[in-house]
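For reference, the chains in residue letters:
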Amino acid sequence: MAKNTYPTPMLDNLETGPWPSFITGIKRLRDEHPDERINSVTNGLLGQLEHSYETRKGYWKGGTVSVYGYGGGIIPRFSEVGDAFPESKEFHTLRVQPPAGNFYTTDMLRQLGDSWEKHGSGLVTFHGQTGNIMFIGATTENTQHFFDEINEYGWDLGGAGPCVRTAMSCVGGARCEMSNCNEHAIHRWMVNNFTDDVHRPALPYKFKFKVSGCPNDCQNAIERSDFAIIGTWRDDMKVNQEEFKNYIEKKGRQYIIDNVITRCPTQALSLNDDDTISVDNHNCVRCMHCLNVMPKALHPGDDKGVTILIGGKRTLKIGDLMGTVVVPFKKLETEEDYESLQEMAEDIIDFWAENGLEHERCGEMIERIGLINFLEGIGIDVDPNMVSSPRQSSYVRMDGWDEEAEKWFERKREEKQAASA
Amino acid sequence: MAQEMRSPIESGCPDAFQYMHPVMRKNFGQWAYHEDPQPGVLLHVSNNGDKIWTVRAGTQRILDVFTLRKLCDIGDEHGEGYIHFTIRSNIEYQVADEAKVQPLIKALEDAGFVVGGTRNSVAMLSHTQGWLHCDIPGTDASGVVKSMMDELIGEFKEWNMPNRVHMTTSCCQINCGGQGDIAINVQHTKPPKINHDLVSNVCERPSVVARCPVAAIRPALVNGKPSLEVDEKKCICCGACFPPCPPMQINDAEHSKLAIWVGGNHSNARGKPTFQKLVASGIPNNPPRWPEATAVVKKILKAYKENAKDWERINDWIERIGWPRFFEVTGLPFTKYHIDNWRGARASLNASTHIRF
Chain A
1 MAKNTYPTPM LDNLETGPWP SFITGIKRLR DEHPDERINS VTNGLLGQLE HSYETRKGYW
61 KGGTVSVYGY GGGIIPRFSE VGDAFPESKE FHTLRVQPPA GNFYTTDMLR QLGDSWEKHG
121 SGLVTFHGQT GNIMFIGATT ENTQHFFDEI NEYGWDLGGA GPCVRTAMSC VGGARCEMSN
181 CNEHAIHRWM VNNFTDDVHR PALPYKFKFK VSGCPNDCQN AIERSDFAII GTWRDDMKVN
241 QEEFKNYIEK KGRQYIIDNV ITRCPTQALS LNDDDTISVD NHNCVRCMHC LNVMPKALHP
301 GDDKGVTILI GGKRTLKIGD LMGTVVVPFK KLETEEDYES LQEMAEDIID FWAENGLEHE
361 RCGEMIERIG LINFLEGIGI DVDPNMVSSP RQSSYVRMDG WDEEAEKWFE RKREEKQAAS
421 A
Chain B
422 MAQEMRSPIE SGCPDAFQYM HPVMRKNFGQ WAYHEDPQPG VLLHVSNNGD KIWTVRAGTQ
482 RILDVFTLRK LCDIGDEHGE GYIHFTIRSN IEYQVADEAK VQPLIKALED AGFVVGGTRN
542 SVAMLSHTQG WLHCDIPGTD ASGVVKSMMD ELIGEFKEWN MPNRVHMTTS CCQINCGGQG
602 DIAINVQHTK PPKINHDLVS NVCERPSVVA RCPVAAIRPA LVNGKPSLEV DEKKCICCGA
662 CFPPCPPMQI NDAEHSKLAI WVGGNHSNAR GKPTFQKLVA SGIPNNPPRW PEATAVVKKI
722 LKAYKENAKD WERINDWIER IGWPRFFEVT GLPFTKYHID NWRGARASLN ASTHIRF
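Taken in sequence, the protein lines are chains A and B.
For the first sequence, the residue numbers in this note's numbering are 1 to 421.
For the second sequence, the residue numbers in this note's numbering are 422 to 778.
Some clues are possibly wrong.
[Stated by the list, open to error] Computed spacing ranges between beta-carbons, pair by pair:
| # | chain 1 | residue 1 | chain 2 | residue 2 | range |
| --- | --- | --- | --- | --- | --- |
| 1 | B | I430 | A | R411 | 43 to 49 Å |
| 2 | A | D347 | B | A641 | 39 to 45 Å |
| 3 | A | P7 | B | G743 | 32 to 38 Å |
[What the hints assert, rightly or not] Computed footprint of chain B on chain A, listed as stretches where at least three residues anywhere in the stretch have a Cβ under 8 Å from a Cβ of chain B:
| # | segment |
| --- | --- |
| 4 | 7-13 |
| 5 | 201-210 |
| 6 | 374-385 |
These are computed hints drawn from the structure, not numbers from a lab.
Glycine residues also receive a C-beta, built at the ideal position from the N, C-alpha and C atoms.
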């Protein structure tokens, strides 16, 4: 136990109430952990945090810390009030990539906990908002020791700074009936083919891959990632009419009308007189609502694949941007399919690295140069699925119209030939 | 002689298959449907009839190794040794034996964890580091979340909401917490105070100038030293200059406030994904319990719970009833600050006679 602990009257208040208290946890490290180093560092941390609560200000500053051979992966934190709280004056976080989909055995969690206890503060979060395991609180020297130890048994640092960041994927095929792709295979294939760009930040800004297995998008990929991969299907959804009838029996006809039939955004559902359901699959936009309400009766089809949206991000600098559809549908079954997805990502990252301004996300670059310049830069043809509507403004020079129209007809002819071949 | 450094093994993201429950491995991609036996519990059934139960629990998120080991002990004693974490940092235990579900719930609750967070509940707030570890935070994250979850715990454990409610907090306007049905974010209200003695040593001035979204920063000589100045009439107090230039102190004990945003929804279900919209601001950043922010959140949740239809997320509900009614039923003031003036803002104005009376 630390001999003289800093008083923490404000933080003590957060030990009351029914939700588990992080303060109680940090205090246990301070008061009960056998290692005096951990007692001391958590004492300093609590002292500084109390100081923040009293003055309503933060007191950490960044710096440059990395492990040998890498440029990123550590969030350096040096205290600005290190004279007052010297025990935690170096308190860096290691970002470690979780297994795709965030699965662990208790054995592995214990092993990671044991390593962390040897070198760090004993505080860890599963996971940070970028998706990393956050090992919070190590000295500059110990970041290297901890990394060396866990790197030997299969763990690698994630991204920090202007680089490809740690990716995220949903629970996916491991435990979800809505899965339309192998989320974890895609996640690993993409991010692990960019390890150099993860570990050595040299891009205009951050670049994130996120994979959701269906349009419910549990990973917030469209809103939060530069490269969103969303599972979908293009044949008919599967309907189990018996189960549909069971829902009607259980919930009542009106409930099904009010909560399923009329909630369809494209009016693609009808309730038939014999209590079966009809689906206009051609106009279904795969929004997932009816499947979510009736997971026993309705299922994704068999012709599965992914939709790719590029350029999502949050506020800085020009305001929030959703990703934009760049590939409406892509099969991801063979190794060639995965390779072509990777090539597309390489093209996008290369084009952005060359044309993006400093601290400009890919989506901001697209906003600045226009989608057409971006598509031409990465060699992807226009598609009406990329827009909510065609342009409203006539202020555009269109003297290439005939040529562009011919390109469209040519593509349609090729698609027809490919389909009949 | 210096010790030779160890070269890293660039293994990247590990394969999760080795850590998955055997029933999940066996049925990967073969799940048929799920049921919700009770709050905090999911039952997934595969095409061949295999079943797996999931028990979900909320924790303090910032875990000390004692708590981590406690969670592992519970997983070994009452679960089957397999764990999954959700995107909102809840812990999930998977078991193939139904008989283990109730003892697992009891063990979690006896240890102080909170079973729930599934289906139409108020889910765990997603948040980041705050004063505990961030270099630019205007507030704390874990403390705000602990305070709010203390009051919303009943909604986490039950299915009382029209649909799920995802809440987030963020300690600056970068908004690492992300989009949410309800988001509680720092909103600065005064321009940065500049420590001119430090700027030339600490900041790369051209990149700070470039960082400003409204071009309000320019290089200047102050007291004979190269520094930066801010056109305070143009400044929108966003704090974007602070990360690259800490002497541009944006955080202020009194003037850094909290704002509340609603209607962010990542899902494509029903409508397209939506960004959150401002509903309340000027809320004091008041540690250790932030009661004013929680009061506004509870007001919004109460109105949503009483007025929304089943399956409507907050954005769906407001779209149906209209914004004027939202302000009416929540009692929140509508001000000039609610009307957007950023690029593309006219698209958010009502260009129709669609008005509810």
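Can you name, in rising order, the numbers of the hints this structure does not satisfy?
Hints 3, 5 and 6 contradicted; others consistent.
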